[in-house]
Amino acid sequence: MTTSVNITATLVLSDHYILKMRILDHVFDDFAVDELVVKIILPEGVRNIVLETPYPVERLPDTLHFTYLDTVGRPVVSVTKRNLVESHIQDFTLHYQFPSILMLQEPLLVVIAFFILFITVIIYVRLDLTLSKDDATEAKMRVSSYCEQVHTHHDKRARLYEKLEEELQKLKSSKDVAQSQTATKKIQATIRDETQAIADIGAKIRADSAEYAEKVLELQKLDKILRDSVLQQLTNVEKLVAGKMSKQQYMDADAPLHKKKEEALEKIKSILGNI
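Position 109 of the sequence shown, counted from 1, bears residue number 214 in the numbering used here, the numbering being contiguous throughout.
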């Protein structure tokens with residue numbers, strides 16, 4: 106049979122307590138107990154334990170008992186005795202020291218636990234875990250992407266100018282102005298599309314970098330010089346083929362156009378290297 110009771114010890118001196126209770130209590134008349142084991146669970150932090158018994162008993166090794174909010178465990182004093190009868194119903198005395206300050210241990214643990222919980226919640230609510238945006242870095246990345254697009258459209262435009270040059274040479278040999286005009290109009294329309302695409306990209310770049318936007322604008326100005334020179338050369342060839350311009354007049358007009366075109370190409374190459 107196992108029984109458990111909670112008994113309040115008597116405070117004798119400061120921090121010194123005495124627990125007095127029966128080793129064996131009355132169960133019924135003329136009873137006999139083959140073996141009795143008594144376990145006394147003391148408060149956590151108890152020290153200097155002294156047990157006094159009215160008759161010899163076997164004291165077992167002290168152990169620890171853990172319950173809620175315990176940190177180091179509660180001392181457990183255990184004794185055992187065999188062959189007990191009604192005459193063994195006598196009191197034992199247990200002396201121990203228990204610092205009064207330790208009575209605040211469990212309430213303080215609860216307070217600290219809630220305090221830590223509240224602080225954690227406050228920090229979590231106020232803490233911004235989102236990755237901060239680096240506007241300058243993002244702007245550079247956008248400008249870099251736009252510049253790549255400018256290069257792509259300009260490369261397409263450069264190939265179209267090469268086709269115009271080819272049509273110009275064909276016209277000199279075939280002298281078919283109508284066929285040449287049909288072919289060159291399609292090429293010029295595509296050049297205008299690529300030029301407009303670059304202009305649109307330049308407007309986007311200006312929102313992030315005025316410096317690169319100015320470079321794109323300069324590229325467009327030089328392209329206009331190049332385009333006007335090529336188209337003027339084409340017009341002069343048409344006049345030459347139609348007999349509206351002498352060969353000498355054509356050569357005199359073509360020389361400055363060729364020079365202007367080469368200068369524009371050189372400057373365009375330089376600007377593209379910086380975009």
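Any given hint could turn out to be false.
[To be verified] Think about it this way: if two alpha-carbon atoms lie no more than 16 angstroms apart in a straight line, the pair counts; the simulated EDC-like pairs of lysine to aspartate or glutamate are: (1) Lys365 - Glu343; (2) Lys186 - Glu253; (3) Lys144 - Asp120; (4) Lys320 - Glu371; (5) Lys326 - Glu371; (6) Lys144 - Glu211; (7) Lys329 - Glu343; (8) Lys280 - Glu343; (9) Lys125 - Asp196; (10) Lys349 - Asp359; (11) Lys275 - Asp333; (12) Lys374 - Glu323; (13) Lys290 - Asp359; (14) Lys329 - Glu271; (15) Lys291 - Glu270; (16) Lys290 - Glu267; (17) Lys372 - Glu299; (18) Lys326 - Asp359; (19) Lys261 - Glu319; (20) Lys186 - Glu267; (21) Lys374 - Glu253; (22) Lys309 - Asp359; (23) Lys364 - Glu319; (24) Lys290 - Asp333.
[What the hints assert, rightly or not] FRET-style restraints, in silico, Cβ to Cβ: (25) Gln337 - Asp260: 36 to 46 angstroms; (26) Lys261 - Gln284: 22 to 32 angstroms; (27) Asp260 - Gln284: 49 to 59 angstroms; (28) Arg311 - Lys268: 28 to 38 angstroms; (29) Gln337 - Ser249: 35 to 45 angstroms.
Since the hints were derived computationally from the structure, they do not count as laboratory data. Glycine is no exception: its CB is placed at the ideal position from the N, C-alpha and C atoms.
We went through each hint and held it up to the structure:
1. Lys365 - Glu343: At roughly 20 angstroms apart (the allowed maximum being 16 angstroms), Glu343 and Lys365 break the hint.
2. Lys186 - Glu253: 95 angstroms, violated
3. Lys144 - Asp120: 22 angstroms, violated
4. Lys320 - Glu371: Holds. Lys320 to Glu371 sits at ~15 angstroms (cutoff 16 angstroms).
5. Lys326 - Glu371: 13 angstroms, holds
6. Lys144 - Glu211: Measuring from Cα to Cα gives roughly 23 angstroms; hence the hint is violated.
7. Lys329 - Glu343: 21 angstroms, violated
8. Lys280 - Glu343: 8 angstroms, holds
9. Lys125 - Asp196: 6 angstroms, holds
10. Lys349 - Asp359: Cα-Cα ~15 angstroms, so holds.
11. Lys275 - Asp333: 19 angstroms, violated
12. Lys374 - Glu323: Holds. Lys374 to Glu323 sits at ~12 angstroms (cutoff 16 angstroms).
13. Lys290 - Asp359: This hinted pair is violated, its Cα atoms lying about 21 angstroms apart.
14. Lys329 - Glu271: 19 angstroms, violated
15. Lys291 - Glu270: 14 angstroms, holds
16. Lys290 - Glu267: 14 angstroms, holds
17. Lys372 - Glu299: Roughly 19 angstroms between the alpha carbons, so the hint for Lys372 and Glu299 is violated.
18. Lys326 - Asp359: 21 angstroms, violated
19. Lys261 - Glu319: Measuring from Cα to Cα gives roughly 21 angstroms; hence the hint is violated.
20. Lys186 - Glu267: 115 angstroms, violated
21. Lys374 - Glu253: 15 angstroms, holds
22. Lys309 - Asp359: With Cα atoms ~38 angstroms apart, Lys309 and Asp359 exceed 16 angstroms; violated.
23. Lys364 - Glu319: Violated, at about 25 angstroms.
24. Lys290 - Asp333: Since the Cα atoms of Lys290 and Asp333 sit roughly 14 angstroms apart, the hinted pair holds (cutoff 16 angstroms).
25. Gln337 - Asp260: 36 to 46 angstroms: 24 angstroms, violated
26. Lys261 - Gln284: 22 to 32 angstroms: 24 angstroms, holds
27. Asp260 - Gln284: 49 to 59 angstroms: For Asp260 and Gln284 the Cβ distance comes to about 27 angstroms; the hint is violated.
28. Arg311 - Lys268: 28 to 38 angstroms: Holds, at about 31 angstroms.
29. Gln337 - Ser249: 35 to 45 angstroms: 36 angstroms, holds
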